[in-house]
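Protein chains: 2
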Amino acid sequence: MAKHDTQLSDLFHALADPTRRQMLTRLAEGPAPVSELAGPTGLRLPTVMRHLSVLEEAGLIATTKEGRVRTCAIVPEALVPMRSWIDEQRAVWEARLDRLDTYVMNLMKEREQ
Amino acid sequence: MAKHDTQLSDLFHALADPTRRQMLTRLAEGPAPVSELAGPTGLRLPTVMRHLSVLEEAGLIATTKEGRVRTCAIVPEALVPMRSWIDEQRAVWEARLDRLDTYVMNLMKEREQ
DNA sequence: GTCATGCTTAGCCATATCGCTAACTATCGC
DNA sequence: GCGATAGTTAGCGATATGGCTAAGCATGAC
Numbered sequence: 001m002a003k004h005d006t007q008l009s010d011l012f013h014a015l016a017d018p019t020r021r022q023m024l025t026r027l028a029e030g031p032a033p034v035s036e037l038a039g040p041t042g043l044r045l046p047t048v049m050r051h052l053s054v055l056e057e058a059g060l061i062a063t064t065k066e067g068r069v070r071t072c073a074i075v076p077e078a079l080v081p082m083r084s085w086i087d088e089q090r091a092v093w094e095a096r097l098d099r100l101d102t103y104v105m106n107l108m109k110e111r112e113q
Numbered sequence: 001m002a003k004h005d006t007q008l009s010d011l012f013h014a015l016a017d018p019t020r021r022q023m024l025t026r027l028a029e030g031p032a033p034v035s036e037l038a039g040p041t042g043l044r045l046p047t048v049m050r051h052l053s054v055l056e057e058a059g060l061i062a063t064t065k066e067g068r069v070r071t072c073a074i075v076p077e078a079l080v081p082m083r084s085w086i087d088e089q090r091a092v093w094e095a096r097l098d099r100l101d102t103y104v105m106n107l108m109k110e111r112e113q
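These protein sequence lines are chains X and D, in that order. For the first sequence, the working numbering begins at 1 and goes up steadily by one. For the second sequence, the working numbering begins at 1 and goes up steadily by one.
Quick caveat, the hints were computed from the structure, so don't treat them as lab data. On a predicted model such as this, the values are computed, not experimentally measured, just so you know. One or more hints might be untrue.
[As the list claims (entries may be wrong)] Rough simulated footprint, nothing fancy, chain D against chain X, three-plus residues with beta-carbon under 8 Å:
| no. | segment |
| --- | --- |
| 1 | 11 to 19 |
| 2 | 23 to 37 |
| 3 | 76 to 84 |
| 4 | 89 to 95 |
Quick reminder that beta carbons are idealized off the backbone N, C-alpha and C, glycines included.
Work out the full structure, taking the sequences as your base and the hints as a guide.
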C-alpha cells in the first residue's frame, strides 16, 4: 500500500501482456529453455528475451543457465502479493456493498411502516 | 485464454499504475466526483481524466454525470476475471509442484532400496 | 580447430503512455 | 447575465514499450 509499491506495479505490468501470459501458461507445464518459449509466439529471440526479463524482474519466473541453454521456470509464490491485493480490495468493495444493502434494507423497512 | 483476450490485458494494465490503484482504494470507500479523486494525487485534471477513462474502459469503475459533476464508482464484479486467471494459474502451478514432490519422493524411495 | 546451436547485446523504428498547458463547454449561484 | 466551478478537449514533449535486424559470444559436436 506504500507509495512506492513497485512490486505490485511490476507484477500487474508483467501480466498485462498476452505474450507474457502465454509464456507463463506454457511454463506452468514445466520449465523450458528460451527457444521453446519463443516457438509458439512467432517472435524473434531478442524480443522473447525482453519479455522474459520483464517476467524475471517481476519475480514471476527464475532462470538458470547451463552450458548454452537457459532454462526458465515459474516462481509459484510470485502471485501472492497480487492475490492479496485483489482479495483486500474485494473485501472492502463487498463490505461496502453489504453496508449499502443494509442501508437500503433499512430504508425499505422504514417505508413499510 | 483466447489469443485476443484483451479484457485481462486491460485489467492488468489498468492496475499496473500506482495512481490508478490509489484512486481505486479511494473509491472503495464510496463514490466520488472527479476533483475529489484528483486531490490526493497532486495531478492535473486532464491527467486524472485519462486515468479514469483507463479504469472505466477496463470496466473497473462506472461514472455518471449529474449537472457539472461526474461521479465515479467502483464496479465490484470487475475483479472477477483477473481473480479467476490468477486462481487457475495458481492451481496449475501448485499441481505441478505436487507432482514434482511425488516424483522426488519416488526417487528417494527408490534410492532407499 | 571448425562449424552449428543457443543465447545475448546493441541499436533502430513505430507506437503508446504519462505528464503538462491552454482553451473550451456546461452548469450553478446570485 | 456574469462570474465561479467542474469537466472536457486538443495538442505538446519526454519516456517507455514492443517489435525488428545485425552482429557477437559461448558451448557442444565433430
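Open item on the list: So is the segment 11 to 19 of chain X in contact with chain D by the C-beta rule, three or more residues under 8 Å, or is the coverage claim wrong?
Closed with: holds (count 6)
TODO: Three residues minimum, CB to CB under 8 Å: does the segment 89 to 95 of chain X make the cut for coverage by chain D? Let me know.
DONE: holds (count 5)
- [ ] Go check the segment 23 to 37 of chain X versus chain D for me, would you? Three or more residues, Cβ under 8 Å, otherwise it fails.
- [x] holds (count 5)
Task: Coverage assertion for the segment 76 to 84 of chain X with respect to chain D, Cβ distance below 8 Å, three residues required - done: holds (count 4)
The structure fails none of the hints (numbered hints given earlier).
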